[in-house]
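Q: Assemble chain B onto chain A, guided by the hints.
2 protein chains.
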Amino acid sequence: MIAHVDDVERIRRGVVNALPTDLSQLLPPPELMPASAAVRAELKRFLGLLTDYPSRAGKGIRGRLLLLSAEAHGAQAGSSGAEAAQTLAEALELFQNWVLVHDDIEDDSEERRGQPALHHLTGMPVALNVGDAMHVAMWQHLQRLPTGTAVQRAEALQEFGKMIMHTAAGQHLDLAWVNARRFDVTEADYLAMVSLKTAYYTVVAPLRLGAWAAGVTPSPHLEEAGIDLGVAFQIRDDVLNLTAGTELGKEFAGDLYEGKRTLMLAHLLEHAPERDRQRAVTLLDRPRRAKRPEEMDEVLALMQTHGSVDYAQGVAEQRLERGLATLQAALTPLPGRAAVERMLALVGELAARPS
Amino acid sequence: MIAHVDDVERIRRGVVNALPTDLSQLLPPPELMPASAAVRAELKRFLGLLTDYPSRAGKGIRGRLLLLSAEAHGAQAGSSGAEAAQTLAEALELFQNWVLVHDDIEDDSEERRGQPALHHLTGMPVALNVGDAMHVAMWQHLQRLPTGTAVQRAEALQEFGKMIMHTAAGQHLDLAWVNARRFDVTEADYLAMVSLKTAYYTVVAPLRLGAWAAGVTPSPHLEEAGIDLGVAFQIRDDVLNLTAGTELGKEFAGDLYEGKRTLMLAHLLEHAPERDRQRAVTLLDRPRRAKRPEEMDEVLALMQTHGSVDYAQGVAEQRLERGLATLQAALTPLPGRAAVERMLALVGELAARPS
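The listed protein sequences derive, respectively, from chains A and B.
Here the first sequence is numbered in the working numbering, starting from 5 and rising by one per residue.
Here the second sequence is numbered in the working numbering, starting from 5 and rising by one per residue.
These aren't lab readings, by the way, just hints derived from the structure by calculation.
Do not rely on the hints blindly, as some may be mistaken.
Pairs count within a copy or across copies, as identical chains cannot be separated in the list.
[Unchecked claim] Computed cross-link-like contacts, DSSO-like style, restricted to lysine-lysine with a CA-CA straight-line distance of at most 27 Å:
#, residue 1, residue 2
1, K63, K295
2, K295, K48
3, K264, K48
4, K48, K166
5, K166, K295
6, K63, K166
7, K264, K63
8, K166, K264
9, K264, K295
The following block holds chain A by itself, in its conformation from the complex (with noise of 0.2 Å):
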């Protein structure tokens, strides 16, 4: 395990203040707009609700990742790039603090980062509302970031809109199996949704938008080791969900509650005899509230009988190797080393087997 706390930690202040503060970033001038006791009372709650998520302690992987990669291409610390790089690290695991307040009322979780999900706190119409505010702040945010130097400050941007519009490309595939109750999904179209769900933002983007900060334009070869890598991260997650315990802070098999399609589920509807088949998909396909945790046990208990699990884990082992393999002759011309040999030990770990 590599310590980056301090980096780590440094970020995650710089979320918390990347969002507003103090009722003065909410309300008009107090000659044009009064504002009851009432009013900022309510107001200071919400300002509490913006920074829940972001307080919550997270593993920070991609803004660390983002850093490495800046260092990696040669910002030099205390420089403009360097800069640019926390902003962007901010703005990044800032974009992952909404999109979770998002996700979690889409899948209906019930906890985050082992606390209550925000919504189960307040409702979903004031946590929705919540996630479009952290939103808009991230974008606030990036408009911070300097200008007029080495950074390539409107490549950085347009990356950024592209990460996230592959995310929400991957989102609604997911969403939208689960709406449609579609049994029916492949493992070329699992990998193709988590490529677009988790992949840009977990990796693919940490990785360029380093290079951008430094003022590089990033080897194409980034994207193409960045798909391999997150593809690993994501099966690896989806592989804890029902192998872990809640340490982690997630639920046990919530995948299943929610009818997550995965790489496991794939494998166990194209290769299991009909029989089973048909069971898992009578007990998966039915509303959350009506699956019963015995239920659940018997679909992973179906999904080690017929070797799913082993099988995703040998894919997330294959893309790990032919990601890192990519990646380390992607990043062996750069000029900041250390940063290359740190960033390599990183994405190993954020996407290996499960010890």
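A: Just chain B now, with coordinates in the frame of chain A:
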């Protein structure tokens, strides 16, 4: 009725064109991520959903007001200022559209512009994500604002962020009061809520963004006037919700079903005798689906009996008159005389008493 069909239609087309129209804008290059026919078909559906609300006929008031403000502030046809105003007008209408997608979820509205609300067509999760993608597209569109000219680009972008943050703060008050089942919302609280929720994006921001587009620092009186006019507009909209038929493409008395705090309600609860007050609260303080039409008619009758509707109309007229006077004074020194006249007519029309 002032007809600027060409402007409205040009803005509407600009909004649709600001959204991704091609799968290549959602997908990585095929050599990096193959997409099956099923994935491509589902993402084509996603592209269609992004343009659903923008394709429904809207009045385009905010975009028209912004274009007129730019012209009044001296942006000549064909100049970079006029080009910036057009981009800002499209982004503003796109803002309105994604906010409506999310608002309709938050309020569980039935209809929008005469058709079912998006989440009733797609399910809530898919619609929420569609709204997020539209939000991103809005910021992507704003990045296309012309640079290196007289246009105050950075100021316009800041104005956009501030406008959305005000809107979200007002929306928070609205939603939090409904969620907390608070019936002690005063007239002052209501006025603060709608100043934030409606006045900024409907009047203040269009007026000020037009100035920035023309490269002019807006008069501080535009904010003052815009709050008055925006409040008048929202009160009129609330009154219409209770008194008009369904020809506007909105539900009749939807605000009562949704439990919205309005000026009529604040007046009724402040001025009705205890018995009527209790009765109104009892009828309104129920989940939407437990409310019967004859009960909502009863609440409306109470509002009429106690003069709450007339009172609200009166407040709207006062704010309209004061806002128009302030606006007229602020606009008098501006170069674009013809545009000033058309602006005054347009805001007068939008906030006037329904005929």
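Q: Confirm or reject each hint.
A: Tested hints:
For the homomeric pair K63 and K295, neither the shortest alpha-carbon distance inside one copy (31 Å) nor that between copies (46 Å) is at most 27 Å. In this assembly of identical chains, the alpha carbons of K295 and K48 never lie at most 27 Å apart, being 39 Å within a copy and 32 Å across copies at closest. Taking CA atoms no more than 27 Å apart as the test, K264 paired with K48 passes between copies only; the shortest distance there is 21 Å, against 36 Å inside one copy. Taking the closest pair of Cα atoms, K48 and K166 come within 27 Å of each other only across two copies (17 Å); inside a single copy the shortest separation is 33 Å, beyond that limit.
Neither within a single protomer nor between protomers do K166 and K295 lie at most 27 Å apart by alpha-carbon distance, with minima of 37 Å and 44 Å respectively. Proximity of K63 and K166 under a CA criterion of 27 Å is satisfied intra-copy only: 24 Å inside one chain copy versus 30 Å between copies. Proximity of K264 and K63 under a CA criterion of 27 Å is satisfied intra-copy only: 23 Å inside one chain copy versus 40 Å between copies. Only within a single protomer do K166 and K264 lie at most 27 Å apart by alpha-carbon distance; the minimum there is 25 Å, versus 37 Å between protomers.
With identical chains, the CA atoms of K264 and K295 are at most 27 Å apart within one copy only, with a shortest distance of 14 Å there and 35 Å across copies.
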